[in-house]
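*Asks:* Could you put together the complete structure from these sequences and hints?
If you want the building blocks of each chain, they are given just below.
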Amino acid sequence: MVALTGLLPASMNESPQLRALRTEVREFLDEEFATGAIAPSIDCWMTGWDDAFSRRLADRGWLGITTPTEYGGRGGTFLERFVVTEELLAAGAPVAAHWIADRQIGPSLLKFGTDEQKQRFLPEIAAGRCFFGIGMSEPDSGSDLASVSTRAERTDGGWLITGAKVWTTWAHRSDYFIALVRTEPRDETRRHAGLSQFIVDLKADGVDIRPIVSMGGHHHFNEVFLDQVFVPDEMVFGQIGDGWHQVTSELAFERSGPERFLSPFPLYAALLDHAADTDLAVGRSAARFFALHQLSLGIAGALQRGDAVDTSAALYKVIGTLNEGEVVDQAALLADPSANELIEKVNGGLLQRPGFTLRGGTVEVLTGVVARGLGLR
Amino acid sequence: MNTTADADVVALINEVLGDHWDRTERTAGGLDADLWATLTETGLHLLTGSEAHGGAEAGWAEAAVLASRTAHHAARVPVVEHDLLAGWLVEHLGIEPDDAGLRTVAVLDADGRAEGVAWAPVADSIVLVWPEGDDWLAAVVPAGSVEIAETDHLAARPTGTVTAANRADLNGRPVSADLVAELRARASLARTLQICGAMERVIELATEHVTTRVQFGRALSKFQAVQFAVVAMANEAALARVAADTALHTALRDGFAADTTAFAVAAARSVAGHAVSVVVRNGHQVHGAIGTTDEHSLHLFTRAMLAWRSEWGTTADADRFLTERAVAAGSSGAWRMVLNSAG
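Protein chains in written order, with our numbering: chain A, 2 to 378; chain B, 185 to 527.
Treat the hints as calculated values from the structure; they're not laboratory data.
Here a beta-carbon is modelled for each residue, glycine too, at the ideal position from N, C-alpha and C.
It is possible that some hints are incorrect.
Distance ranges between label pairs, derived from CB positions [claimed, not checked]: (1) A/Q120 <-> B/A191: 42 to 50 Å; (2) A/D308 <-> B/T211: 34 to 42 Å; (3) B/T211 <-> A/G143: 46 to 54 Å; (4) B/E225 <-> A/T6: 21 to 29 Å; (5) B/K406 <-> A/I213: 34 to 42 Å; (6) B/G285 <-> A/Q305: 44 to 52 Å; (7) A/Q305 <-> B/P281: 45 to 53 Å; (8) B/K406 <-> A/G143: 17 to 25 Å; (9) B/S494 <-> A/D60: 50 to 58 Å; (10) B/A500 <-> A/R61: 41 to 49 Å; (11) B/G401 <-> A/G143: 27 to 35 Å; (12) B/P326 <-> A/D308: 46 to 54 Å; (13) A/Q120 <-> B/Q469: 55 to 63 Å.
Residues from chain A that keep clear of chain B, each with C-beta distances beyond 10 Å, as calculated [unchecked claim]: (14) T36; (15) A38; (16) R174.
*Replies:* Below, the structure is given as structure tokens:
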């Protein structure tokens, strides 16, 4: 029998240094907002692209926090990164430009990249000068990622990649993405075999990036068509044939971060200026934010220690993202239609909400992960 | 203060309760006098009391484990009331050590009545706390000296209405409003920990049931609908446990009288109270009809958590407190409220 408490990370108490770092970030943001340099947005890690702001964060040493100093990073801890990103998200700061590169490309490069790749990309990522997208989903491969059919074929000095990737956030402004592709034909008996990853220059010949406009009229997503795109051998990411292991080994980092509970936080904060003492849903949400913050922090601490957190990260992402949706809905239920500024945020939240529980692993897939962790399957 | 429970104490708790669960008659209701005697022999009945008062001088970290584990084993013993509430108050009032037997606490209203006092019908003595003008007074009295009318309790725990007509003769000692607030915070956190322990047991029972019960030729757990029901309650119970642990650590760090503790305890109480709704609904649903019977132990846990979430304040009281805090914080203070750090 798997005990539930055994799946949960130990609770964390932030050190005075981490609290001081929070204050430092908050003071920086106060200044940024006060001068009008940036404006808060709902779901800022997806909607808020501002590469100049990303570079200002880099100047403070707040990108590439866990990247070693020899690669231009801060050489800091995962908890420092947690604290900085949490403050940025809670404030709704425009962090989308560097988000993917900072969250997962940097750590993946450190784990699987060649020294040449690390030398080339990590300092640029930490400086806020190089932005990445994710090249995983395809038109026929959503949750079932192992079914991707984009393929790479050997050629002189490299590989030729052909296929289509979809839901590539900010591909139209990013420099690279890491594509998961087949280097061997599909074999239904070994579904996870024959997959490899490549660092693809999004400006290369044969790359065609087409917008997918969201129901709110925004252009964040793209479809990326690859037609015989040449990728040199030195841009093979990790080992040929090891793609599945590589993309799944970092999932806990992708799932457990504070962006899985804070996407609509600026909306919740705004709601408080309009809510009454009798709107008890507001207090209930305060409690859940409090608990979700602690759970995400606890997982960050566990990751820092190198503990296995697959089940707790999935569990956290399910409740965190469901709660994100509920908070938006709650604001929509309470908001007076004449409160224009609030309604604007509510509408922004309502239009982003469906994505909360889809991106980075759907609630359905992750529930399966938790079920397995509990011994149900 | 130490925030990690002493391993030896935890081992003792698990040994005493695990052994008890194996041989006990699994019923709701009544004081489990055998277990209470065992707890008394081992010192677990007064875990946080001072040595002078016959206590084991452990802290809240260990007491939290005991509160959770007794709930996890459906153990019908008043460890929370006797030790964490009454025992603490008695020492705080500076009352000489005595051997007054099983104790509970009653916070009386202006008319000298307290409803729903846990364990009152089986208590030997009661710590009474009552308002006197703008102040509060407290006294320890033999249970026989007040009127105790047993009342219904959802989990059939001995519970009653306590009426003390003779307050003027009790020579009450003054206690501060802060101390009364602290009493409520301690009680509320203890109930939350009990709820968490009971919820975790229901998830274990549900997991065991759905992985062994076969219908349509396969274990119930093979059905995604059933997996979803179990995971939904595990999610809620997990979040409640995280909130309860955080509240405990906040209390250990800042003290029970602290503002941060008040917020953390209310938050934990809210998350746990709402989690109970999901755990009870889905826990019974996946057990099918067998789970509705007296014979099955499921109700020992579901009934207890349903009762506990409305004791020492309702879930709505916690939500109301939090809502007032949130509205007062406004947009500019929202995030600092969530972090709940003193600094």
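*Asks:* Can you list which hints this structure breaks, lowest number first?
*Replies:* none
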